[in-house]
Amino acid sequence: MRIVMELRRRWRTAALAMPLALLVGAAAPAADTLVPGVSRDPSGVGLILPGNLWVSGDVTLTVEAPETQATTFELDDVSLLARWEPYSRLAFFGELRLENLFEVTEHEGVFTSGGEVEIERLYAEALLTPELSLRVGKVFTPFGLWNVISRAPLTWTVEEPAVTENVFPKRATGLNLIYQKTWRGWSFDATGYGPGQNQIQFRDAEDESLDSGLMFGGRFAAGRDLGPAYAALGVNLAEFTRRDSRRWATATGLDLTVNAWGHEITGELTYRVPAGGGRATHGLYLQDAIPIVPTLHGVLRFEYFEPPDGPDATAQVVGLFWRPIPNVVLKADYIFGTRRLENLETGFQASFSLLF
Amino acid sequence: MRAGLTAIVVVASHLLGGPAQAVERAHADSIAVVIGARSEIAEVTLDTLRELYLRRRRVWPDGSRVIPVNLPADSDARQRFSKRVLGRLPQDLSAYWDRLYFDGIQPPVVLRTSEAVCAYLATEPKAIGYVPSHDVDTRACRVLFVLPE
Chain R
103 MRIVMELRRR
113 WRTAALAMPL
123 ALLVGAAAPA
133 ADTLVPGVSR
143 DPSGVGLILP
153 GNLWVSGDVT
163 LTVEAPETQA
173 TTFELDDVSL
183 LARWEPYSRL
193 AFFGELRLEN
203 LFEVTEHEGV
213 FTSGGEVEIE
223 RLYAEALLTP
233 ELSLRVGKVF
243 TPFGLWNVIS
253 RAPLTWTVEE
263 PAVTENVFPK
273 RATGLNLIYQ
283 KTWRGWSFDA
293 TGYGPGQNQI
303 QFRDAEDESL
313 DSGLMFGGRF
323 AAGRDLGPAY
333 AALGVNLAEF
343 TRRDSRRWAT
353 ATGLDLTVNA
363 WGHEITGELT
373 YRVPAGGGRA
383 THGLYLQDAI
393 PIVPTLHGVL
403 RFEYFEPPDG
413 PDATAQVVGL
423 FWRPIPNVVL
433 KADYIFGTRR
443 LENLETGFQA
453 SFSLLF
Chain L
-18 MRAGLTAIVV
-8 VASHLLGGPA
2 QAVERAHADS
12 IAVVIGARSE
22 IAEVTLDTLR
32 ELYLRRRRVW
42 PDGSRVIPVN
52 LPADSDARQR
62 FSKRVLGRLP
72 QDLSAYWDRL
82 YFDGIQPPVV
92 LRTSEAVCAY
102 LATEPKAIGY
112 VPSHDVDTRA
122 CRVLFVLPE
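Protein chains in written order, with my numbering: chain R, 103 to 458; chain L, -18 to 130.
These are calculated hints, taken from the structure and not from any lab test. Any given hint might turn out to be false.
[What the hints assert, rightly or not] Taking lysine-lysine pairs in the DSBU-like style, the calculated list, with each CA pair at most 35 Å apart, reads:
id : chain 1 : residue 1 : chain 2 : residue 2
1  : R       : 283       : L       : 64
2  : L       : 107       : R       : 283
3  : L       : 64        : L       : 107
4  : R       : 272       : R       : 283
[Stated by the list, open to error] Reference listing, derived: stretches of chain R covered by chain L, where coverage requires no fewer than 3 residues with Cβ under 8 Å from a Cβ of chain L:
id : region
5  : 244 to 256
6  : 265 to 277
7  : 285 to 291
All C-beta atoms, glycine included, are put in the ideal place defined by N, C-alpha and C.
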């Protein structure tokens, strides 16, 4: 136990020190090579170190002013990402996340903690053939569109759509086989994963709060150019069970992407049949990211969500996404809704993210 | 009679920027997919080119790393290549690259000129690029195919 505590303390120290080191690199004059052997990622974010090691990360500050609750300001999370490609066919990827570092709540004051360190993703990737790759480890469950992005700086709005939260396990652990091919202008993506959720079923596991249990699933998507647009449609299926249950829940879904005239239109429809019967959870969202100027997008989103208990809700999100330089993302959203749900909070939200 | 018609066609085609000139202009504006002069890469299809430039395929069949090379996003050749091969303009792909960045996968490297692309390909046999056909430096690079308009 003492060793675990010590490891967590060291991770926290490393997680805080790495952003500072990377920020120094980010603040350096723009150049392909910063120092011999170290260069900036072509995207302007992240550093490429000797030995094909890529490191990057981000920090996000969030302000939430819900219509019915106190305003909060928080240092939402610090993330560190690293990818190492020792060979052309083999790579290792890891993402460490430090969250809940600092929060100020109206009328309640300041809350600080040492933060919680979480390994968001950790996997080895082998390119078996040019089209087929295998990831072994922990990945974001490849279900739909939103869950695999899932990072504050890169999503169009501050909060995710309700239907993408807690409807299926966020992470999959085990094997993830990915097939990608373009044939006669059609792009195909197929992925299969299993056998575990965030935590694979360990009978002696102590922490009951973690998502643990078995899971098997897959996604198939096809896309192609349609005149001036590009469109892709995906089909999703996941079967999962909690470690304390032998009953299996099923989540099915469709996802859609359309790129046209600078717009990015995305949508997801998800339907979950709970383990052992009972009321299904289902919902959808349809979102349009509208180009205003090259660095500024307006965002409109419609959501419908029916939770496992209580009445359903609809919501409309109006927002702005501004990325004045590659390292900075500012977002401001207002969520209108017919009612407040745990994962559908009406009111104002804004965030500032720094990528390094 | 036939000679008269031929004369009319020739005059009209000159006045209207006739077929010979149109062919010449199309050739001058076309985009050539190129590799290094000493590269062993023999064939790349349009479908494969899309995979390579979206970084969905990152190794050649022999297992070596693919190095796709882009021209700057605001260049006319890049815009036409992106639309023709990737189905989207460079600015429409920013969200796509954000997602790949999140997995630690970088977009293709960008070189500023056609001359730089050919010079780089000459030294890197695993790289692939594209340049306007009239910019191909045949001492440094070899044309795999010309993109259909």
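Tested hints:
Between residue 283(R) and residue 64(L), the direct Cα distance comes to roughly 19 Å. Compliance with the 35 Å bound is thereby established for this hinted pair. Among the hinted pairs, residue 107(L) with residue 283(R) is consistent with the structure: their alpha-carbon atoms are about 20 Å apart, no more than 35 Å. Distance check on the hinted pair: residue 64(L) and residue 107(L) sit about 24 Å apart at the alpha-carbon level, within 35 Å; holds. At roughly 26 Å between alpha-carbon atoms, residue 272(R) and residue 283(R) fall within 35 Å of each other, so this suggested pair holds.
With 4 residues bearing a CB less than 8 Å from a CB of chain L, the region 244 to 256 of chain R meets the requirement of three and the coverage assertion stands. Chain L is given as covering the region 265 to 277 of chain R, and this is violated because 0 residues of the stretch bring a CB closer than 8 Å to a CB of that chain, at least three being needed. Evaluation of the coverage hint for the region 285 to 291 of chain R: fulfilled, as 4 residues show C-beta separations to chain L shorter than 8 Å, against a requirement of three.
In terms of the numbered hints stated before, the structure departs from hint 6 and from no other.
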